[in-house]
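So the protein sequences, as listed, match chains A and B.
Under the UniProt record's numbering, the first sequence has 169 at position 169, and the numbering climbs by one with no breaks.
Under the UniProt record's numbering, the second sequence has 99 at position 99, and the numbering climbs by one with no breaks.
One or more hints might be untrue.
Here are the simulated lysine to any residue pairs, SDA-like style, with alpha carbons at most 25 Å apart [what the hints assert, rightly or not]:
1) A:K251 x B:N64
2) B:K8 x A:E139
3) B:K6 x A:P278
4) A:K251 x B:D28
5) A:K251 x A:I104
6) B:K8 x B:L108
7) A:K306 x A:P278
8) B:K18 x A:S143
9) B:K105 x A:D137
10) A:K128 x B:K105
11) A:K35 x A:W64
12) A:K35 x A:K3
13) A:K251 x B:Y30
14) A:K3 x A:I104
15) B:K6 x A:M133
16) A:K38 x A:M63
17) A:K306 x B:R85
18) A:K128 x B:N74
19) A:K236 x A:A49
20) A:K251 x B:W19
No wet-lab data here; the hints were simulated from the structure.
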Amino acid sequence: MAKPSDLRGKAAVVGVATYGSGEAPGNTEMDLAIKASKLAIEDAGLTLADIDGIATCSTSNAMWPLSVIEHLGIKPSFIEGTCIGGSSFVEHMLPAAMALEYGICNAVLVCYGSVQRTGEMDRKAMAKARATMAAYDYETVYSPPMPVGAYAMAAQRHMHQYGTTRENLAEVAVAARKWANLNPEAFMQGDLSVQDVLDARPVSSPFTVRDCCLVTDGGGAFVMTRADRAKDLKKKPVYMLGAGTAAWHQKITNLPDLTVTCASQSGKEAFAMAGMTPAEVQHLMLYDAFTINPVLFLEDLGFCPKGEGGRFVSDGRIAPGGSLPLNTNGGGLSCVHPGMYGVYTVIESVQQLRGEGGARQAGQIDVSLAHGNGGVLSSQCTAILGTDAAL
Amino acid sequence: MSEIGKEKEFREAMAAGKWRIQKSPSTDAYVYYPREIAPGTGADDLEWVEPSGLGTIYTYTVVNRRAEQGGPYNVIMVDLDEGPRMMSRLEGVENDAIEIGARVKARLSEIGGQPAVVFDLATGA
């Protein structure tokens with residue numbers, strides 16, 4: 001029987017692009033997904049005619065892949081539409097790599113677009129539509145502010161259980177802002193101190209608005225091919241060394257320990273496939289919907305012991321100049337957060353591995369970890385990516 | 001032929017003023033929210049039981065709602081003594097006095113016209 005490690009290095013990300021990050025008035029989510037796709041295909045040195053696999057999803061349209069296929073006018077032999085929240089596009093990498101390896105298809109386009117900030121179907125309209133469609137769920141009656149309330153309650157529990165402080169959490173936002181200040185594409189820039197985060201408008205305790213991701217528009221896309229083909233394309237290939245996907249719950253009440261997410265499973269699977277350990281990872285993209293996220297994920301992925309995440313991020317380690325560059329685009333907290341941000345974690349990892357980070361380039365990077373989170377800490381997807389030096 | 005679902009049974013009982021959780025006699029596990037089979041084990045012998053109503057606050061958040069919309073309110077998670085965890089509200093306590101680990105007691109109430117289990121601090125429990 002084949003085993004997961006057979007997939008190590010067999011597929012590569014060969015093209016990436018973002019489009020309309022921040023505010024993109026006058027666009028639909030399809031417009032942004034398609035424009036990002038066109039740029040990602042060009043970045044790979046491919047043409048639309050080469051694309052015979054598609055992976056995409058939207059929270060507003062259950063049959064979204066059909067709309068994208070039609071818009072592009074392609075006839076794909078591989079279609080992946082799993083929608084498990086913001087982690088989805090990291091999740092898409094594993095089935096895409098399998099389909100490529102088995103020759104089901106030759107080039108997979110992964111794409112996403114959202115106009116939740118400026119579109120007619122904005123975040124508020126979407127929330128209302130979802131509430132209408134959702135079945136009785138035993139919890140809506142208490143008006144939990146979702147998703148922020150779920151993450152806030154996880155943070156509150158982490159603080160109680162491990163002595164994590166408000167200042168520790170604020171350090172995550174401060175580091176993200178420092179990276180954003182080096183990224184011309186980042187939506188939020190300017191000085192931000194720990195005190196600024198603590199003094200900002202309270203949202204859902206213990207969080208203030210600066211503990212929470214942005215609400216922006218944005219499109220992102222990347223293209224994957226088999227590794228042998230990737231070598232002959234335009235850009236330096238970024239190989240998928242390992243990937244893992246996990247989900248344990250939908251409602252936050254059903255996560256048994258709010259300080260342990262299923263990143264502990266997805267990370268273990270990804271590292272096992274890659275045959276690597278956290279010590280070999282030089283750069284991290286950890287989906288930071290809220291400041292508690294990177295704290296939990298650093299612990300669950302094995303970068304520090306459980307409970308130490310708050311202190312781990314608080315000595316400048318993850319900020320520019322630190323020993324573990326994390327969320328170098330500025331993250332969901334300060335760069336961009338168009339609803340399902342996961343696609344951006346892969347794009348930034350690829351750009352750093354190619355050395356295309358410009359002012360925010362975190363040195364010579366050969367191994368990066370992109371981690372997507374979806375729902376309310378519900379789904380966790382980990383991809384370990386590397387240059388040919390890591391093969 | 002099909003029997004009515006657990007959600008409908010639960011909601012009808014709540015409307016009649018009865019809050020119940022489920023128990024699987026074969027595995028001794030309690031289940032809430034109501035399900036068709038027990039999560040994890042798949043046991044299909046779930047029956048309705050009356051919970052003790054006692055529990056412990058596992059975590060909480062205070063939501064900073066604007067004054068004109070009703071002002072701040074809390075959302076709590078309670079670990080019922082029987083085992084399951086549920087979302088709720090703590091009533092009769094200032095929001096800044098809520099503590100993880102506090103013992104609480106359930107009460108059937110209404111929120112926005114819908115039946116809802118809320119909690120009060122439990123003294124001596």
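Going down the list of hints, with the structure as the test:
Under the criterion of a C-alpha separation no larger than 25 Å, the hint pairing K251 of chain A with N64 of chain B is consistent with the structure, at around 21 Å. For the given pair, K8 of chain B sits about 15 Å from E139 of chain A by alpha-carbon distance, which is consistent with the 25 Å threshold. Between K6 of chain B and P278 of chain A, the direct Cα distance comes to roughly 45 Å. Violation of the 25 Å bound is thereby established for this hinted pair. The straight-line distance between the Cα atoms of K251 of chain A and D28 of chain B is roughly 24 Å, inside the 25 Å bound, and the hint therefore holds.
Annotation: proposed proximity of K251 of chain A to I104 of chain A is violated, straight-line Cα distance about 35 Å (limit 25 Å). Taking the CA atoms of K8 of chain B and L108 of chain B, the gap is about 18 Å. The hint holds against a cut of 25 Å. Among the hinted pairs, K306 of chain A with P278 of chain A is consistent with the structure: their alpha-carbon atoms are about 14 Å apart, no more than 25 Å. Taking the CA atoms of K18 of chain B and S143 of chain A, the gap is near 22 Å; set against the 25 Å cutoff, the hint holds.
Between K105 of chain B and D137 of chain A, the direct Cα distance comes to roughly 22 Å. Compliance with the 25 Å bound is thereby established for this hinted pair. For the given pair, K128 of chain A sits about 33 Å from K105 of chain B by alpha-carbon distance, which is inconsistent with the 25 Å threshold. Taking the CA atoms of K35 of chain A and W64 of chain A, the gap is near 16 Å; set against the 25 Å cutoff, the hint holds. Between K35 of chain A and K3 of chain A the alpha-carbon distance is near 37 Å, which puts this suggested pair outside the 25 Å criterion.
For the given pair, K251 of chain A sits about 18 Å from Y30 of chain B by alpha-carbon distance, which is consistent with the 25 Å threshold. A threshold of 25 Å between alpha carbons decides the hint, and for K3 of chain A with I104 of chain A the separation of about 18 Å falls inside it, so the pair holds. For the hint pairing K6 of chain B with M133 of chain A, the CA-to-CA distance comes to about 20 Å; that is within 25 Å, so the pair holds. Simply put, K38 of chain A and M63 of chain A have alpha-carbon atoms about 21 Å apart, close enough for the 25 Å limit, and the pair holds.
Between the alpha carbons of K306 of chain A and R85 of chain B the distance comes to roughly 22 Å, so the proposed pair stays at or under 25 Å and holds. Annotation: proposed proximity of K128 of chain A to N74 of chain B holds, straight-line Cα distance about 22 Å (limit 25 Å). Under the criterion of a C-alpha separation no larger than 25 Å, the hint pairing K236 of chain A with A49 of chain A is consistent with the structure, at around 22 Å. Distance hint between K251 of chain A and W19 of chain B is fulfilled; the C-alpha atoms sit about 20 Å from each other, no more than 25 Å.
The structure is inconsistent with the numbered hints 3, 5, 10 and 12, although it conforms to all the rest.
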